[in-house]
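Read off the chains here:
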Amino acid sequence: MRRRILGALVGLFLAASVPADDQKFITLASTTSTEHSGLFEFIVPIFQAQTGISVRVVAVGTGQALAIGCNGDADAVLVHAPAAEQQFVADGCGIDRRAVMFNDFVVVGPKDDPAGVLGADTVAEGFERIAQAKAPFASRGDDSGTHKKELLLWADVGIKPTGAWYRELGAGMGAALNTAAAMQAYTLADRATWLSFSNRQGLSIVFQGDQALHNPYSSILVNPNRHPVKVDLARVWHDWLVSEAGQTAISQYQLNGHQLFTPN
Amino acid sequence: MGVPQKTLPIVFEGVTFAPSGVSLLGPLDFQLNAGQRTVIVGPNGAGKSLLLRLCHGLLKPTAGQIRCGDGAEAKSPEYTAVRQRQAMVFQRPILLRRSVWANALYSLKLRGIPKDQARVETTAALSLFGLEALAKRSARHLSGGEQQRLALARAWVLKPEVLFLDEPTSALDPDATVAVEAAIDQFHANGSKVVMVTHSVSQARRMADECLLLERGQIVKKGPVAEVL
Amino acid sequence: MGDAFAGAAWLVLAGDAVLLGIVQLSLQVSLSAVFFASLLALPVGAAIALYHFPGRGAVIVLLNALMGLPPVVAGLLVYLMLSRAGPLGSLGLLFTPAAMVVVQALLIFPIVAALTRQMVSDLWDEYHEQLTSLGTSRLRAIPTLLWDGRFSLVTTLLAGFGRATAEVGAVLIVGGNIAGVTRVMTTSIALETSKGNLELALALGAILMTLTLLINAMAFGVGELAKRRYE
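Chains as they are written, first to last, in full-length UniProt numbering: chain A, 1 to 264; chain Z, 1 to 229; chain C, 1 to 231.
Next up, chain A with everything else stripped away, as it sits in the complex (with noise of 0.2 Å):
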């Protein structure tokens, strides 16, 4: 008796531990601002419905997910930083990278904004008053697309940010700004992630709807030739993404009445 209850546990568990691959799906590597935002939620289940293959999201920093992707653990990326991309598929990493969608990025600080970022012209202009008043900046420091793009801003301005004000959190852009939110700090948020995000505090928009603040993201297909991926299933994801189905789904996705990625 005993060792049938104990032969019964051992097959339960050996069940549920190994997931059922009964369906067809792909790894997509991805950063948390999309996840965050809710679009996976309402564009995987469109595609899958036209297509009857799910996408697994690992949603990381974008510094990560290219990690992940050139070690063949996802099949796809969609990411957004254009210049660590472009180093992705010149390293062979992935193939036949194309531009997806876009939103923007904004700069967000405490609404009583001590740096006086709200004057501002350009966020170039934003960035120099923030150095300048050494208010508290809050980076997120994870090499991730926004974080990148944050390196450029200050690079354009020629500050290189240092000091006690400057603070590198190597957070996640949630985690980011609630860091921000408690230490009443700017920081760099993408748009999608500003509007989905609950914890807010003292915190508003300082500055947005700077050319330079533009935000796009790319899908790349892994390198098949490198690791055994599923690349005839991603490159349908692939194609979709910029298929008339996927451009509309993409449009159509609101939260709160904004909508938050603009199709290419």
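Quick caveat, the hints were computed from the structure, so don't treat them as lab data. Everything numeric in this text was worked out from a predicted model, so none of it was measured. Backbone N, C-alpha and C define an ideal beta-carbon position, used for all residues, glycine too. Don't take each hint at face value.
Stated by the list, open to error - Which bits of chain Z does chain C cover? Going by a derived footprint, with three or more residues having C-beta under 8 Å, they are:
1. 35-47
2. 96-103
What the hints assert, rightly or not - In silico DSS-like pairs for lysine-lysine, Cα to Cα no more than 27 Å straight-line:
3. 60(Z) x 136(Z)
4. 136(Z) x 159(Z)
5. 222(Z) x 227(C)
6. 6(Z) x 159(Z)
7. 136(Z) x 227(C)
8. 109(Z) x 159(Z)
Following the hints, put chains Z and C in place on chain A, whose structure we already have.
What follows is chains Z and C alone, placed relative to chain A:
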């Protein structure tokens, strides 16, 4: 019935026991023969328990050798085989945290006795020592006397050629002592050689034919109980 | 605050499929990890207690130290093993519940093995002469002592289970927190926190704590009943 006596006599030849250089026993030269009931008496710290453990192979002599019957040495790994033909009951029996039944059955399972036979023997042993009504109880919940009887029942199923007892009744009240002594007599009646360490002169007189008097690691007297005590 | 708790409690009571799926996966993964880790760790811990071999002290120190193995390090190691670029990549286990079971088992193993070694070692001191006298070999003493120490071992297993359910860094790396596939309680809590949904995150935490509490209460109850009979 009777048990065979392949491992008897037990012969000590120049045996000393001196862990880390301090001599606790010996040198000892003596022989334990089949048939007789032997008691080992002596003051505290004389080395009575050590001597018993050397006989049972739980300790190895530092020098000299112990031969058992056909000549196996206690030093060599074969003593395991000798020990399998012996049993020992400690002053405070260590019973498994299981039922009385499971405790009595345990050593038979170790020896790979077929299940049905093991059951029969366990039942017989428990009933012989008046424990059958307690079979399902937790062994650790028994009284001191019952625990010691269970330890004897556990030894009984092994049909030992030699039964070693290390002050088996020192923690028991008079009634329990009578019951345990009766149980020990069963072993003698069945042909097992009984070797017991005791503090009690009256128990030595009741339970033994032969007596070893041990003092400071040396056997100072050996002979019939009436002569030694 | 109260609203989020009420909301989360309501989701559980109403049998919200997504939340129940997450709860179920958490339990399955962690219980499986405890099961598989213990299958190995119990006998290994007992063997280290009973056998003397060269380097035994070093093994004990190592096991004790590994009880504090940082989950992200474990996660990273398992990621590198299971990655398609790694030695076991062809198994295709990365980003599946199986990978999470592996990494949690890795975290649990040293805890169960080290605590088992300590317990068996103490029991052996007590039992060693008696078992030797009865003819128990060291090998045979392993199951005997494990069974006789079963009441203490329950606590050991619960410690392992606690470590597994509480852990987020490792399962995030090897599981990927994929909705409906590898999303468990802790990764959900981390996700909701980073979305700024602190109240929902806290409510999920309360559910996790409640579950842990229930499992511990159950184990305690069963243990006490058995103890009353056999201790």
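Structure-based check of each hint:
no.: 1; hint: 35-47; result: violated (count 0)
no.: 2; hint: 96-103; result: holds (count 4)
no.: 3; hint: 60(Z) x 136(Z); result: 38 Å, violated
no.: 4; hint: 136(Z) x 159(Z); result: 23 Å, holds
no.: 5; hint: 222(Z) x 227(C); result: 48 Å, violated
no.: 6; hint: 6(Z) x 159(Z); result: 13 Å, holds
no.: 7; hint: 136(Z) x 227(C); result: 14 Å, holds
no.: 8; hint: 109(Z) x 159(Z); result: 14 Å, holds
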